[in-house]
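Student: Assemble chain B onto chain A, guided by the hints.
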Amino acid sequence: MGFNGIKFDTSVPGMVPWEIVTAYFIIGLIIVFYFSRRFGLKSFTTIDLVYIAVGAAFSVVWEFYIGSFIGRFLPSTPFIGVGFWGRMFILLIVAALVRKPGTGILSLVIFNILSDLFFYGFGGEPMYTIYEGLTYGLFLDLLIIGTRGKLFGVGYKSSNGSSVATKRITGLAILEGIIIGILYAIPDPIFYLGFFRPLISGAIVNWATIQFDLLAFIPGDVIIGILGALAGQRIARAVGQ
Amino acid sequence: MNSLVDQIVSWIIVLYGSALPALFVIFLVGITGLKEITRYESGTTFLYRLNPVTKLILTIVVMVVASTTIWWIGGILTLALLLSYLTLNEGTRKFGYAFFLALSTIIGGTWSVAPYTPPSVLQLAFPNVKQFTVIWTFPSYFQVMGYEQQLTLQALFYGLQTAFRVTPVLLSALLFIVTTTGSDIFRMFTKIKIPIAVTFSVLVGIRMIPRIFELLDTSVKMQFIRGLGYGKPKPIASLLIVYAIFQAIVPTMVYLFRGAKNLAISADTRGFRAYNSRTSLVELKFTKVDIYGFTIIVLLIILAVVANLTGFGRTIPYFGL
Chain A
30 MGFNGIKFDT SVPGMVPWEI VTAYFIIGLI IVFYFSRRFG LKSFTTIDLV YIAVGAAFSV
90 VWEFYIGSFI GRFLPSTPFI GVGFWGRMFI LLIVAALVRK PGTGILSLVI FNILSDLFFY
150 GFGGEPMYTI YEGLTYGLFL DLLIIGTRGK LFGVGYKSSN GSSVATKRIT GLAILEGIII
210 GILYAIPDPI FYLGFFRPLI SGAIVNWATI QFDLLAFIPG DVIIGILGAL AGQRIARAVG
270 Q
Chain B
4 MNSLVDQIVS WIIVLYGSAL PALFVIFLVG ITGLKEITRY ESGTTFLYRL NPVTKLILTI
64 VVMVVASTTI WWIGGILTLA LLLSYLTLNE GTRKFGYAFF LALSTIIGGT WSVAPYTPPS
124 VLQLAFPNVK QFTVIWTFPS YFQVMGYEQQ LTLQALFYGL QTAFRVTPVL LSALLFIVTT
184 TGSDIFRMFT KIKIPIAVTF SVLVGIRMIP RIFELLDTSV KMQFIRGLGY GKPKPIASLL
244 IVYAIFQAIV PTMVYLFRGA KNLAISADTR GFRAYNSRTS LVELKFTKVD IYGFTIIVLL
304 IILAVVANLT GFGRTIPYFG L
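These protein sequence lines map, in sequence, to chains A and B. Positions in the first sequence are counted from 1; adding 29 to them yields the working numbering. Positions in the second sequence are counted from 1; adding 3 to them yields the working numbering.
Excised from the complex, chain A in its bound form (with noise of 0.2 Å):
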């Protein structure tokens, strides 16, 4: 049985449970559609859209047509990863500018869909465009409400309204950099090798190739991640909030 280019094979052995992959996401919709009611889409001024759609093509720019040539100059090791860091870093920052609950996912939205125009040829959607917006585009919406909009410290004020010292706001925005390179090595590895793989192709399933690709993609996304943060932060007062 296959749906547009998707072929089923839940009963790969040491493939992580169905169930579990469909619960996560489930949830992951639940959290969206909750924020969605209270935010929603409104909430998004025209400019946080030109942002948004920007930074997608930056990503398919560099993902698609340098990024990938250039990763060909470089081993393929699980610890470099060219494209996805470029697509991380661009992220980042257009989280930096627009800070509102959402601008991951959408990001990661339009991201997909410019993706498939270009590239793809919607094959395996709408399956990548969930996977991707429920994961990576969630865990930078759920920092982004954790930090109450002042992502990365930008717009961060003390408590008595005065504005904080720079090296508070750049140890934030380090800190933040860091959860964020963790939470996106996670998603990869969990559910791309251990599920969707298995999934389309029956490919085979390594839990030591999960484990070591895990902790393998960890130090490069978290530089990236703080390097992410910091230009996010510079590139937010360059123009001009």
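Heads up, some of the hints might be wrong.
To be verified - Straight line, CA to CA, 27 Å or less: simulated DSS-like cross-link-like pairs of lysine-lysine:
1. A:K179 <-> A:K129
2. B:K264 <-> A:K179
3. A:K71 <-> B:K264
4. B:K291 <-> B:K38
5. B:K237 <-> B:K224
6. A:K196 <-> A:K129
7. B:K196 <-> A:K71
8. B:K291 <-> B:K194
9. B:K235 <-> B:K224
10. A:K71 <-> A:K129
11. B:K194 <-> A:K71
12. A:K179 <-> A:K71
13. B:K291 <-> B:K196
14. B:K288 <-> B:K196
15. B:K224 <-> B:K38
16. B:K237 <-> B:K38
17. A:K129 <-> B:K196
18. B:K237 <-> A:K129
Since the hints were derived computationally from the structure, they do not count as laboratory data.
Tutor: Frame of chain A; chain B shown alone:
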């Protein structure tokens, strides 16, 4: 001595597979070429007159056919799609860019699969081959990069087959983009009831992609004008383009984000999002041309069905895609 030669040849093989596609794109397509094959230009030929919905269905059908049939059907589709670039405005030039992009995708695609495919997968892919033909044995430390120790002819063939699944999809997706106006894409999305905020962002994104290439190109050229690579030997100076692209990213982004304000103001002053739906003078119509379009779609579907019935279906397990 022998082992030194081994090392050098191994690295040349690695660089051939990885650098050649990149060099194709950097020097033969270039940033200008990428801009050209991601941007709409008006035209009057068949592909321009097709309804965007038809073109979208065509893209999806090409993907389905390429992924469910044997590799050489993907190869024929690639050829047919490439040739259809000739019917576009400035067709020969676009064909040239698309050709090198496709070639680069094929070589790069082959190379991103072949050296990593373990013999166990190859045995599934080629059940009738008793002994794999070993072309080259890599030094053992190559395993750090995930390479299999031996590169076999079958692995290369397997890589090529997987590459022919990707290339037609890429070509048809770009064909859709070069021949469809932004507003038609907007109407198409409105027709399939996607929220206006999402549609707007997608549309701005589509318009931005060629613009990004243009800005990157300007920024890279500026850096060379300012003396990047001056006095350095030519091969090094020309490879500095990669460095220049890295340098260009943040300024380009800041420039685009600043411009975003103007775009937002201009959309807002025209009453954008004042209503939930968008008013439009132009209706998307299905015309006579679309009958031909749908005929092609139906023929492609029949081709896929016939191929599967006659044993030319996807017989290869495409692991790792």
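Student: Please write out, lowest number first, the hints stated earlier that are contradicted by the structure.
Tutor: Hint check: 4 and 18 fail, others pass.
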